[in-house]
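Undergrad: Protein chains in written order, with the numbering used here: chain A, 1 to 321; chain B, 322 to 672.
Quick caveat, the hints were computed from the structure, so don't treat them as lab data.
In this text the structure is predicted, and so the values were computed from the model without any measurement.
Just so you know, even glycine gets a beta-carbon here, dropped at the ideal spot from N, CA and C.
You may find that some hints are simply not true.
[What the hints assert, rightly or not] Covered by chain A, per the in silico footprint, the following chain B stretches (three or more residues, Cβ under 8 Å):
| no. | segment |
| --- | --- |
| 1 | 385 to 394 |
| 2 | 411 to 419 |
| 3 | 422 to 430 |
| 4 | 459 to 467 |
| 5 | 496 to 504 |
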Amino acid sequence: MNKNQILEILKNLLRIRMTELKISVEYSKQKMRCPVHLSIGQEAIAAPLKVLLTKKDIVVSGHRAHAHYIGKGCNLEKFIFELYLKEKGFSRGKAGSMHLFDKKNGFYGSSPIVANSIPLGVGMGYYNKINKIDNVVLIFFGDGATEEGVFYESLNFAAIHNLRVLFICENNFYSVYSNLKFRQPHNRKISEISKSLGIYSIKENGNDIRITTKTLSKALNFIKKNSKPILIEYSTFRFVEHCGPNKDDHLKYRNQSELNYWMKNDPIKIMYKFINNKDKSLLHKFKRNFNNELNSIFLKAEKLKYPKESVAYTNLYNEKS
Amino acid sequence: MRKVKFHQAINMALEYSLKRDKSMILYGLGVSDPKEIFETTINLQKKFGSQRVFDTPNSENALTGMGIGYGMMGGRVVMTHQRLDFSLLSLDQLINNAAKLFYTSDGKFSVPITIRLIVGRGWGQGPNHSQALQSLFAHIPGLKVVSPSNPNNAYHLLISSIFDNNPTIFIEHRWLHNQEGRIDKIYKPKKIKSFEKISTGRDLTIVCNSLMTIESIKANKILKKNKIKCDIINLLSINPLNLNVVIKSVKKTGKLIVCDIDHGHISISSEIISSVASYRKNIFKKKPIKISMPNYPTPTGPSLTKNFYPNFINIIKSSEKILNRNIKIPKNKLEEIKLHDIPFKNYTGPF
Chain A
1 MNKNQILEIL
11 KNLLRIRMTE
21 LKISVEYSKQ
31 KMRCPVHLSI
41 GQEAIAAPLK
51 VLLTKKDIVV
61 SGHRAHAHYI
71 GKGCNLEKFI
81 FELYLKEKGF
91 SRGKAGSMHL
101 FDKKNGFYGS
111 SPIVANSIPL
121 GVGMGYYNKI
131 NKIDNVVLIF
141 FGDGATEEGV
151 FYESLNFAAI
161 HNLRVLFICE
171 NNFYSVYSNL
181 KFRQPHNRKI
191 SEISKSLGIY
201 SIKENGNDIR
211 ITTKTLSKAL
221 NFIKKNSKPI
231 LIEYSTFRFV
241 EHCGPNKDDH
251 LKYRNQSELN
261 YWMKNDPIKI
271 MYKFINNKDK
281 SLLHKFKRNF
291 NNELNSIFLK
301 AEKLKYPKES
311 VAYTNLYNEK
321 S
Chain B
322 MRKVKFHQAI
332 NMALEYSLKR
342 DKSMILYGLG
352 VSDPKEIFET
362 TINLQKKFGS
372 QRVFDTPNSE
382 NALTGMGIGY
392 GMMGGRVVMT
402 HQRLDFSLLS
412 LDQLINNAAK
422 LFYTSDGKFS
432 VPITIRLIVG
442 RGWGQGPNHS
452 QALQSLFAHI
462 PGLKVVSPSN
472 PNNAYHLLIS
482 SIFDNNPTIF
492 IEHRWLHNQE
502 GRIDKIYKPK
512 KIKSFEKIST
522 GRDLTIVCNS
532 LMTIESIKAN
542 KILKKNKIKC
552 DIINLLSINP
562 LNLNVVIKSV
572 KKTGKLIVCD
582 IDHGHISISS
592 EIISSVASYR
602 KNIFKKKPIK
612 ISMPNYPTPT
622 GPSLTKNFYP
632 NFINIIKSSE
642 KILNRNIKIP
652 KNKLEEIKLH
662 DIPFKNYTGP
672 F
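Just chain A, same shape as in the assembly:
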């Protein structure tokens, strides 16, 4: 990986964080009238996608999908306009934050139903296999999704048919407020579920951009070389509430030592620790420019027109033959 690519990944890390922070600031104005599940704290897993994947590689995701959409280099304007549910959003206000799409850039959907986009990604992998297409499908989900039957069913099918699919579990230890220890057996890693099905599986730190870049890149090479699925379990942490723009730690469902540990391991903080001064100033410049870009997109989004009511009654069925 060359210097520019590394820098691009670091910029992407900031791009995701800054966009999510901007959403959280603007959200209270009641102009984005749809639930948002922000990725703040979990950006390091998605930031390398833009550099490591081509547009033809496919990503699907769950409810916490903003990072994956931005990380893959999808259309930022159409995304923000969609959060504002305006006519120029990618689905003209029919979708909002919980149903993201950008077909051109290989983002084939996200879903707010836990685990329900996992089999879609597997089907895309099966299509690629029998039509001899080399691209990889990445399927993002959280720790909660691994408790659903469809997770096991999907892994099983991908293993039987040797699909070029990368399963990525972002384990942030909480399903809304419920800790993993109430939901899964003690001392059993999520990656062991897939391992027992014969799928090569690893568990890694998801907050250090150096580690996520390296492991994602290795996994993609493994898939391309062996035509087999892989699962990576990344441990990470969300910094704001499950759904919405605010901190919610006054509810005390996560203990203080846990919070301290993860705040120390903020992906942005880790990144600033290892980069040199030259890169720091480049990133500083990037931040200034991107901040202006964000401000103008959000201003534009506020001013845009809503779709006409009649738009609600379009595209129920595809009647083209």
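Start from chain A and add chain B according to the hints.
TA: Chain B alone, transformed into the frame defined by chain A:
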């Protein structure tokens, strides 16, 4: 064309479609097993290979999602369940994904998949092997729900469903599999047909689908002998539901009997009656009648199902009521329903 059985017509439609579209896959538990889904998938794996035609794990939900993902890439899909009841494990994928993705993506992703659901009846099928649930599927915006009643419309409707670019629930009654008939040649896939007129008459309108169309045809023979002429409308599609033909017919007859293969409460038959009742003026001369399964789970034993599944005798009795006259039923026809829980005389089960 020569006479074929219903299950052969399904097989021919699948073969035609697999040949026509190289992207099409066909799968489901048992597709390539020795019984080959009641012979409907016979020889297809041999002809098209195990990547396109394949047996699956028992993972109804993931495999439905898999088909949806495959469809989003532009491929066509047919998934088969040997009983409709098994497909209930896949309702999340059908309702939350298949039915919604074209809409939420604002037309960017289509879901060209067909789900074959086989409905059982009689011979101990009981509460988990006999559900038709057509109204449940028809309730979901974005799904299409169709059902054939004979080899010819099965052949054409299955091809139309496969080449339709939307998720289509194809409800296939197990008791139709042995029906025999000629099939019309196909030149190219046509749009899904919404209904077929089975007979024409001024006295009474009968609306039916699937197996109840066969029962309506049986009833019609008796009615004809009694000089009663019926409009019989076989609904091939219940979602979308086009009721223009029903309204036109009831305007003429003023009398409507709706025959449902499913439970009658909160159902497509109730929907049809309420839609005709809310037409801008009252066109009923008599109160409409609904024939359906009762609001109970299906019992298993033969003594309990005697009056559970509706048949042509129910249609005759309802016709007597709505026409306010006696109808003579030939003795041999009454004999026929003594074997109420099997599809034909030599049937020995189990499915």
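Undergrad: Which of the numbered hints above does this structure break?
TA: 5
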